[in-house]
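Q: Chain by chain, the residues run as shown.
Number of protein chains: 2
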Amino acid sequence: MPYQETILKELYHSFESHNLSDGLQVNLKGWVRTNRNNGSIGFIELSDGTTFLNVQLVYSKDQVDDFDSYSHYLTGSSLSVNGEVKLTPNMKQPFEIHVHHIELLGGVSDDYPLQKKRHTFEFLRDIAYLRPRTNTFYALARVRSKLSYAMHKWFNDNDFYYIHTPIITGIDSEGAGQVFDVNAKKEDGKPFFDKPVHLTVSGQLHVEPFALALRNVYTFGPTFRAENSNTPRHASEFWMVEPEMAFCDIHKALKIVENLLKYCINDLLKNAKDELNFFNAFVDKNLLERLHKIVDSSWEVIPYTKAVEILEDAKNKGHHFDNENIFWGMDLQSEHERYITEQVVKGPTWIIDYPKEAKAFYMKQNPDGKTVAAYDLLVPEIGELIGGSQREDDYEKLRQRMEECHLLKDDSALWYLNTRRFGGCVHSGFGIGFDRFLMLLTGLNNIRDVQLYPRTANQVKY
Amino acid sequence: MPYQETILKELYHSFESHNLSDGLQVNLKGWVRTNRNNGSIGFIELSDGTTFLNVQLVYSKDQVDDFDSYSHYLTGSSLSVNGEVKLTPNMKQPFEIHVHHIELLGGVSDDYPLQKKRHTFEFLRDIAYLRPRTNTFYALARVRSKLSYAMHKWFNDNDFYYIHTPIITGIDSEGAGQVFDVNAKKEDGKPFFDKPVHLTVSGQLHVEPFALALRNVYTFGPTFRAENSNTPRHASEFWMVEPEMAFCDIHKALKIVENLLKYCINDLLKNAKDELNFFNAFVDKNLLERLHKIVDSSWEVIPYTKAVEILEDAKNKGHHFDNENIFWGMDLQSEHERYITEQVVKGPTWIIDYPKEAKAFYMKQNPDGKTVAAYDLLVPEIGELIGGSQREDDYEKLRQRMEECHLLKDDSALWYLNTRRFGGCVHSGFGIGFDRFLMLLTGLNNIRDVQLYPRTANQVKY
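Residue numbers (the working numbering), protein chains in the order written: chain A, 127 to 588; chain B, 127 to 588.
Check the hints yourself; a few may be wrong.
Said to hold, decoys possible - Which residues of chain A face chain B? A few of them, derived with a C-beta cut under 10 angstroms, are:
| no. | residue |
| --- | --- |
| 1 | SER204 |
| 2 | MET217 |
| 3 | ASP307 |
What the hints contain is simulated information worked out from the structure, not anything from laboratory work.
Given the structure is predicted, the values throughout are model-derived calculations rather than measurements.
Cβ coordinates follow ideal geometry from the N, Cα and C atoms, glycine included.
All chains, please: the whole structure from these sequences, using the hints.
A: Structure below.
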């Protein structure tokens, strides 16, 4: 066979390095995105999975054996195409394929739900298994994978070790919260495990002991919340990245987060250029500008106490907040966070040193006796992206907080406390909601649209 | 401070590139592995998490301010050390640190369970959260992370996209099997999801639709079996890698597996050299030889039918099998697999084209009407490492097998069948038990010792 089996990525790559020959005979396999004809010449947009870009197949009545069949190949069909490369310097796409012969590998039944027209995201959510065949979700799946890889690469290059923390667990990292129970029976009818277990809400408690041996570690895996909140930012199953660093205080930790996030965004701006351009054109016109701002700015650090002063000041000067009950100790609400990050700082902002009562038991108590060394990253238009803290390394203080939170009523979390008696040290960590980071990177504003098979209350169709 | 904060990895790296200066003043932070003294000079083996290698700290009575305190720092304590590099060209280790001052960051209580002596793996399993502080599990955690990264890197470099398939699912990929149920209630007391759901046993069915858009994809995540089998090779929670390739038949698939596995093993032989040397010295004396054999050999392909002939022939010539009931259609048992891979081939061996009845419903039926295009990789001394198949792409044949397996009694798996009517194509995939691959790479022969927090029946201590 004179036709060289190849992939679109290779052809585009050859083109970019000026090595693509006009007339090259190729065999391509892929799926029809669109197919139209004017009676004598037909045009198929073919996607082959190897690049975000499609290629145009041109088949003309006087050069192919079966124009009529070709013209009936429906969107979604899979094809094997023999043809030759035709450079098209005067057109939008740099080359097209002039078809010699097409073999239909897999046709499409009449009830195929995807058509040329634009479908709503709601409609597409209902056919999650076909979504990756649309431009938006094809781009999303690619960006999701590229972001995963960028993260793994950064961690590897920076001596972080990947720790697979358990999904089935007997402890509740947040000290409260709605969890999914896990159950099975053994052959004898007895419970499979010797105590009640549930799906993890965070890998943090399990990853910390590894930081106390491997220094810099991270988890990257699914976590679960049985929270029945029907918002665009909550799902029952979502992926979290949770780094933990020994010999690292809050200030060092802020630098690490900033390095990691800027690296990932820059990596995608470079390696997912076509996909981000698509999102910028069709999903969120401010996307690229926002991403560039994040990587180009230095991120401001504002202590919680100062943030409350800023809000009080704004209120006194007449700025309207829906919730005007502003006082030290309050939970900052979305409108308050937005005011600070969008109106005051106009860029990514760390809020640090939150009131102790508002935060988790494991956070390092500051010398002031009132606050903990917690840090949340707020991003304009996005809200909270990352939360973390220096960890309480004082055994007695941690014991007391765990008792207050009823975590020592049995011995299931005693091992965690013990790490503070067995060669503990200053350490810090944080959690990135991977799906929320993807929302930032794509402009998609519903978590159901950045997950591949979203799970929310009542929703497990696939 | 004249002491330069650094990490052991950097010091070893400088040494290897002939850039490490005798007398360099450094600050190191890490954990005591051992501490001994002869009354006037003391020696601490310090691990800092950044390399498998330790460094020896030398503190002498006439040069430090508090020799007595230093000599009482227990195994496991965390330290901050100021000292200077002393090159030691005549000793086993290339350099040591002559101590000026040590600060104890975190001491160790008397009940710290790890001592200098060697502990049994059984004992250590019971203190999973402290295991990474022992040489064996420190090495294991590092190899586990490096293997994960090698895989992600190979997939990235070969245009495979990482797909996060769901953990909570309503379908059972294997068509049978013991699953963990997942439950939660909403505030109104009603079930959280609108149908019974459980923990996934495989991401394959969910990843296949993505292969039909992105061509080459893979999952890498936790999977679950509520199987009460107390063997060294079974766990209730384990990580699987499941690639799926469009436009790929069984023969192309075998090449892909071979490339991937050889790449990973070669990568670890290079990038986890110290760790593998340790395992070879202390866990399995044949480890390196076996790994080199796997990467250096070409892997033989034997159809199941031929394998049965080989076994019959061996039996007739007097070879003893415990199970001598050898016939076409039998399940090959461990002793049969071992005979073929260890006695006949003496290397990694593919068995392909198994009887249809013995294999899963989604496997491609061969033209003979009796076998399916399945492939299992058998490795000497290890057994089955990988299983996969070309997938049934014929709608009618798949429908019939799904009906036989009672998978169409409701419509929860109908979408999977539909992919064969909506632009299907020849595709193949396989599954790698990540933990079992780690057993091969480390010589550790119990899956509980390659997992970080193992889960088996009755066992969820952490």
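Q: Work down the list of hints and note, for each, if the structure agrees.
A: Going down the list of hints, with the structure as the test:
no.: 1; hint: SER204; result: holds (4 angstroms)
no.: 2; hint: MET217; result: violated (26 angstroms)
no.: 3; hint: ASP307; result: holds (5 angstroms)
In summary, the one numbered hint that this structure violates is 2.
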